[in-house]
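76 is the number of the first residue of the sequence shown in my numbering; add one for each residue after it.
It is worth saying that the hints were derived from the structure and are not from the lab.
You may find that some hints are simply not true.
Ranges between beta-carbon positions, derived for each pair [as the list claims (entries may be wrong)]:
no. : residue 1 : residue 2 : range
1   : ASP164    : LEU84     : 40 to 48 angstroms
2   : PRO100    : ASP175    : 45 to 53 angstroms
3   : ILE80     : ASN161    : 51 to 59 angstroms
4   : SER109    : CYS140    : 23 to 31 angstroms
5   : PHE135    : GLY113    : 52 to 60 angstroms
Cβ atoms here follow ideal geometry from the backbone N, Cα and C, with glycine treated the same way.
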Amino acid sequence: MSFYINGNLSPLEAVKMHPELQTHPVIEEWARDSEALGEMSERINTYSAEISDNMIGSKFLEEICAAVNNGAGDDELYAILDRMQNDLDSALTAVNHDLDKIYELVNP
76 MSFYINGNLS PLEAVKMHPE LQTHPVIEEW ARDSEALGEM SERINTYSAE ISDNMIGSKF
136 LEEICAAVNN GAGDDELYAI LDRMQNDLDS ALTAVNHDLD KIYELVNP
(Lines of atoms letter the chains of each structure in order from A and count residues from 1; the text may use other names and numbers.)
(Lines give C-alpha, C1' and ligand atoms only; values in the text may rest on other atoms or scores of the structure.)
Protein backbone atom coordinates (compact mmCIF):
# COMPACT_ATOMS: atom_id res chain seq x y z
CA MET A 1 0.00 0.00 0.00
CA SER A 2 1.25 3.47 -0.78
CA PHE A 3 -0.15 6.91 -0.16
CA TYR A 4 0.81 10.49 -0.73
CA ILE A 5 2.18 12.55 2.16
CA ASN A 6 2.05 16.28 1.59
CA GLY A 7 5.59 17.67 1.64
CA ASN A 8 4.38 20.73 3.57
CA LEU A 9 3.59 18.59 6.60
CA SER A 10 6.09 18.13 9.35
CA PRO A 11 6.98 14.50 10.04
CA LEU A 12 4.92 14.53 13.24
CA GLU A 13 1.90 16.01 11.44
CA ALA A 14 2.16 13.30 8.78
CA VAL A 15 2.28 10.57 11.42
CA LYS A 16 -0.78 12.03 13.16
CA MET A 17 -2.68 12.43 9.87
CA HIS A 18 -2.05 8.91 8.54
CA PRO A 19 -3.16 6.13 10.88
CA GLU A 20 -1.10 3.68 8.83
CA LEU A 21 2.07 5.36 10.09
CA GLN A 22 0.85 5.43 13.68
CA THR A 23 0.98 1.64 13.83
CA HIS A 24 4.75 1.83 13.67
CA PRO A 25 6.20 3.30 16.88
CA VAL A 26 9.60 3.59 15.21
CA ILE A 27 8.15 5.94 12.61
CA GLU A 28 6.50 8.11 15.24
CA GLU A 29 9.78 8.24 17.17
CA TRP A 30 11.56 9.19 13.95
CA ALA A 31 9.01 11.95 13.35
CA ARG A 32 9.53 13.41 16.83
CA ASP A 33 13.33 13.17 16.52
CA SER A 34 13.21 14.71 13.05
CA GLU A 35 11.29 17.73 14.33
CA ALA A 36 13.61 18.11 17.31
CA LEU A 37 16.59 17.99 14.96
CA GLY A 38 14.97 20.62 12.74
CA GLU A 39 14.44 22.91 15.72
CA MET A 40 18.02 22.35 16.84
CA SER A 41 19.27 23.13 13.35
CA GLU A 42 17.31 26.39 13.29
CA ARG A 43 18.73 27.43 16.65
CA ILE A 44 22.28 26.57 15.55
CA ASN A 45 21.74 28.62 12.38
CA THR A 46 20.53 31.55 14.50
CA TYR A 47 23.56 31.36 16.80
CA SER A 48 25.87 30.97 13.79
CA ALA A 49 24.37 34.07 12.19
CA GLU A 50 24.92 35.98 15.44
CA ILE A 51 28.54 34.82 15.47
CA SER A 52 28.97 36.04 11.89
CA ASP A 53 27.44 39.39 12.83
CA ASN A 54 29.97 39.75 15.63
CA MET A 55 32.97 38.99 13.46
CA ILE A 56 34.53 42.36 12.90
CA GLY A 57 36.35 42.69 9.62
CA SER A 58 38.51 45.32 8.04
CA LYS A 59 36.38 48.23 9.24
CA PHE A 60 38.83 48.87 12.09
CA LEU A 61 41.80 49.17 9.76
CA GLU A 62 39.79 51.44 7.46
CA GLU A 63 38.85 53.66 10.40
CA ILE A 64 42.47 53.96 11.57
CA CYS A 65 43.67 54.76 8.03
CA ALA A 66 40.96 57.39 7.63
CA ALA A 67 41.89 58.97 10.97
CA VAL A 68 45.58 59.06 10.03
CA ASN A 69 44.76 60.50 6.60
CA ASN A 70 42.65 63.18 8.30
CA GLY A 71 45.59 64.16 10.50
CA ALA A 72 44.49 62.55 13.76
CA GLY A 73 46.89 63.01 16.61
CA ASP A 74 48.17 60.36 19.00
CA ASP A 75 45.43 60.99 21.58
CA GLU A 76 42.69 60.55 18.99
CA LEU A 77 44.32 57.39 17.60
CA TYR A 78 44.68 55.92 21.10
CA ALA A 79 41.02 56.70 21.79
CA ILE A 80 40.00 54.92 18.56
CA LEU A 81 42.20 51.92 19.41
CA ASP A 82 40.80 51.78 22.95
CA ARG A 83 37.22 51.82 21.63
CA MET A 84 38.13 49.14 19.09
CA GLN A 85 39.61 46.96 21.82
CA ASN A 86 36.36 47.27 23.80
CA ASP A 87 34.32 46.40 20.68
CA LEU A 88 36.51 43.36 20.04
CA ASP A 89 36.18 42.24 23.66
CA SER A 90 32.39 42.55 23.44
CA ALA A 91 32.32 40.65 20.14
CA LEU A 92 34.48 37.88 21.61
CA THR A 93 32.16 37.58 24.61
CA ALA A 94 29.13 37.36 22.30
CA VAL A 95 30.80 34.74 20.08
CA ASN A 96 31.81 32.64 23.09
CA HIS A 97 28.24 32.84 24.44
CA ASP A 98 26.82 31.66 21.10
CA LEU A 99 29.39 28.87 20.84
CA ASP A 100 28.43 27.75 24.35
CA LYS A 101 24.76 27.68 23.30
CA ILE A 102 25.59 25.57 20.22
CA TYR A 103 27.66 23.20 22.39
CA GLU A 104 24.73 22.84 24.82
CA LEU A 105 22.41 22.01 21.92
CA VAL A 106 24.58 19.28 20.46
CA ASN A 107 25.79 17.87 23.79
CA PRO A 108 22.72 17.65 26.04
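Hint check, failures only: Per hint list: 2, 4 and 5 violated.
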